[in-house]
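Chain residues, written in single-letter form:
2 protein chains.
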Amino acid sequence: METVAENLSGASEERVVSTVTKSHRPSHPFSFEIFRNDPSGARLGRLRTPHGSIDTPAFLFCATKASIKGLTAEQVRRSGTQIILANTYHLSLQPGGETVEALGGLHSMMDWTGPLLTDSGGFQIFSLGHGGVAQEIKSRRGSGEGRRTLLKVTEEGALFRSYVDGALHMLTPESSISIQRRLGADIILPLDECTPFHMDRSHTADSTRRSHRWERRSLEEFRRHGGEKQVLYGIIQGGIYEDLRRESCAFVAEEDFFGQAIGGSLGGEKSQMREIVDAVGRMKHPTRPTHLLGIGGVEDIFRGICSGVDTFDCVHPTRLARHGGALLPFSLSEGKGHINLRSGRFATDRDPVDPTCDCLCCGTVSRGYVHHLLKAGETLGGQLLTLHNIAFLNRLMVRIRSAIATQSLDSVKDLYLR
Amino acid sequence: METVAENLSGASEERVVSTVTKSHRPSHPFSFEIFRNDPSGARLGRLRTPHGSIDTPAFLFCATKASIKGLTAEQVRRSGTQIILANTYHLSLQPGGETVEALGGLHSMMDWTGPLLTDSGGFQIFSLGHGGVAQEIKSRRGSGEGRRTLLKVTEEGALFRSYVDGALHMLTPESSISIQRRLGADIILPLDECTPFHMDRSHTADSTRRSHRWERRSLEEFRRHGGEKQVLYGIIQGGIYEDLRRESCAFVAEEDFFGQAIGGSLGGEKSQMREIVDAVGRMKHPTRPTHLLGIGGVEDIFRGICSGVDTFDCVHPTRLARHGGALLPFSLSEGKGHINLRSGRFATDRDPVDPTCDCLCCGTVSRGYVHHLLKAGETLGGQLLTLHNIAFLNRLMVRIRSAIATQSLDSVKDLYLR
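Residue numbers (my numbering), protein chains in the order written: chain A, 76 to 493; chain B, 76 to 493.
Careful: at least some of the hints might be erroneous.
Computed from the model, here is a short list of chain A residues facing chain B with C-beta under 10 angstroms [claimed, not checked]:
#1 142
#2 243
#3 358
#4 424
#5 425
#6 439
#7 448
#8 450
#9 453
It is worth saying that the hints were derived from the structure and are not from the lab. A virtual CB, placed ideally from N, CA and C, is assigned to each residue, including glycine.
Let's have the full structure, built from the sequences with the hints guiding it.
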């Protein structure tokens with residue numbers, strides 16, 4: 076099924092050094108080509124899907140409930156976005172996979188003509204279900220708040236309560252694949268168990284192996300229907316334990332997944348997260364497209380790229396915007412990486428949010444206007460900042476790709492980091 | 076100051092039958108030309124301002140706090156909007172006239188390059204201040220709810236509490252003009268007293284004459300600064316009493332106002348409102364641009380136009396959208412003039428919101444998607460409907476203007492009304 080052509084040394088951006096496709100037929104609509112492997116560990120690639128190609132490294136913005144909050148699909152496109160992500164958990168509960176299918180699938184329903192990824196629904200079930208430990212799973216300590224909605228995890232799947240109406244639902248590897256077929260994203264993910272970082276080695280090992288069994292069931296369900304409209308990534312689990320991560324990398328690499336995603340707990344601190352991603356980067360399948368789930372800070376992106384990560388997703392840039400935060404190069408943000416437009420010091424500031432940006436927000440309105448909108452409770456304030464943050468990250472990724480091609484990644488780092 | 080050339084009979088749309096300018100110099104940036112007076116009472120005109128011309132009849136959408144809720148200025152423009160309105164009451168309290176001035180004035184601050192009107196702030200002070208009688212003043216019975224924030228009305232002005240922080244503010248005819256100069260709209264309005272419809276004749280007469288004294292003070296304050304950047308409309312008061320309306324029409328016509336607005340109580344029922352607007356239409360200055368304040372139902376627009384009204388404003392189309400309502404021709408909405416997309420019957424409906432519309436909403440997404448967004452609490456649902464309702468009304472006004480030009484207003488009425 077899979078073709079791999081590798082030439083990791085002496086790569087130039089002109090030449091394809093590695094290609095992964097889903098079949099020997101070059102007409103298959105999915106492929107992943109690596110044009111250059113940088114000594115830093117970063118790589119330059121292109122992921123081809125039936126809805127267009129993505130130049131990698133790339134960032135996926137979250138259209139959780141089939142909408143990048145407050146923006147039309149056209150605005151998202153015009154901000155330079157190549158690919159977005161939607162959440163199976165939310166969409167399976169509201170409006171439901173069958174309704175999305177009746178509306179023509181996610182692409183047609185949302186008027187999103189580009190590539191799309193859906194997750195399995197597992198992350199939200201487990202992170203919401205454990206009662207507010209979403210942040211903990213992703214390496215940050217949770218607030219401890221939140222309602223426990225996860226009722227039972229068995230070999231079969233996960234039993235949980237809907238956050239919409241409290242109804243009981245069972246999500247299994249098979250039902251997740253089935254729902255994601257209805258949603259119709261280009262790239263889909265298998266159900267895995269997401270455990271909090273404080274789980275011990277023995278429980279993490281059990282959980283990782285259960286995830287592997289679920290991933291194999293997902294592949295079988297995926298193959299039963301066939302077709303060339305979607306590809307399935309495997310998910311690398313193993314928590315904070317390097318030997319379990321190695322085991323999981325080997326499992327995913329051996330199975331017939333088109334790509335791989337780094338999931339599960341990444342530890343309690345940034346440094347631990349980076350160590351884990353770096354270790355997984357060395358142990359993962361070398362030529363498959365690699366996605367890092369739920370990580371999207373600018374510094375983390377640079378680190379991830381040097382661990383061989385091709386794509387990232389995170390709600391951070393869009394959520395930050397709704398709270399008044401605008402991403403900026405470190406040099407323009409007093410070393411913080413963002414400014415908060417709710418601050419009174421911007422009330423009469425006629426400068427654009429980011430003087431180096433040409434997005435719809437920065438090209439048309441001032442910091443003072445955005446400040447006013449945020450203070451007056453006008454949603455347009457958050458929308459304009461969302462447009463900016465998306466454009467900011469998309470431009471960052473363009474610069475990173477260009478820098479990998481020209482072996483100058485450090486100079487881009489200097490622009491964005493301290 | 077004012078040039079009036081009238082030729083009310085035998086008008087054709089090719090010939091200017093009436094022109095009002097603010098001076099004898101044709102270079103003055105404001106003028107109002109009437110191209111055709113229809114036997115129905117409707118008229119076709121063009122209002123020229125320093126920020127461009129408005130073909131009339133026209134509709135003004137409400138950017139209450141300097142934002143058409145949820146839309147960028149570019150989206151508002153692309154929906155065919157000629158002119159918008161912002162509210163002095165809200166903006167004077169947050170962010171304040173001086174801040175708006177520091178941000179370059181409303182046009183620059185909002186990135187709105189077209190014509191703009193601000194009201195005096197009086198309507199909100201009086202409607203909020205009486206405790207929820209905003210709707211009553213505009214002819215509909217209020218809910219009786221709301222906090223009384225109007226503390227005292229004297230010959231000097233109105234003392235009220237800020238809805239933002241509870242601070243005391245005094246609005247006078249002079250301070251309203253002064254704030255509106257800072258805001259910088261093309262068309263501004265004088266402070267008037269807005270009384271509820273149940274006020275008796277004697278009190279209404281006193282109130283109307285006080286409004287006249289306030290309007291004269293407004294004119295004096297307006298003249299003290301001079302300039303050609305703004306024009307002042309007079310406001311016709313008089314409540315539901317025809318003789319008082321006649322007195323007010325005469326007062327406004329005698330004073331040096333560029334245009335005139337129909338304000339104050341329009342009665343307790345639609346039929347009474349239409350009688351009053353019709354009577355004012357006969358008694359008002361015949362060639363000045365005439366605005367009907369706060370009225371925007373489709374049927375009311377047709378009626379108002381036949382009473383010689385040139386411009387309308389109302390929050391109805393944008394507020395309706397945020398609650399899930401889409402304006403439609405009567406024939407497509409079971410005779411109601413709108414449909415509510417929150418209704419479950421639209422859940423899997425793949426048709427556009429309005430199959431006859433080519434706006435960004437109707438051209439790209441389905442009723443089912445808008446329904447999903449509304450039910451899921453995604454602001455994009457209301458934003459898409461706002462885009463549609465604005466485009467719907469702008470297209471209605473285009474059709475009305477075309478119909479006046481071709482003496483076929485009845486055929487457009489048939490399309491939109493029962």
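Now for the hints, and whether the structure bears them out:
The interface hint given for residue 142 of chain A holds, since its Cβ lies 5 angstroms from the closest Cβ of chain B, which is under the 10 angstroms cut-off. For residue 243 of chain A, the suggested interface contact is broken, since its CB lies about 20 angstroms from the closest CB of chain B, more than 10 angstroms. Contact between residue 358 of chain A and chain B, as hinted, is not supported at the beta carbon level, the nearest pair being about 39 angstroms apart and thus beyond 10 angstroms. Checking residue 424 of chain A against chain B by beta carbon gives a least distance of about 8 angstroms; that is within 10 angstroms, so the hint holds.
Interface restraint check for residue 425 of chain A: the shortest CB-CB distance to chain B comes to about 6 angstroms, inside 10 angstroms, so the restraint holds. Checking residue 439 of chain A against chain B by beta carbon gives a least distance of about 4 angstroms; that is within 10 angstroms, so the hint holds. The beta carbon of residue 448 of chain A comes within 6 angstroms of a beta carbon in chain B, closer than 10 angstroms, and the hint placing it at the interface holds. Because the beta carbon of residue 450 of chain A sits about 7 angstroms from the nearest beta carbon in chain B, less than 10 angstroms, this interface hint is met.
Below 10 angstroms, beta-carbon pairs count as interface contacts, and residue 453 of chain A has one with chain B at about 5 angstroms; its hint therefore holds.
Comparing the model with each earlier hint shows violations of hints 2, 3; every other hint is respected.
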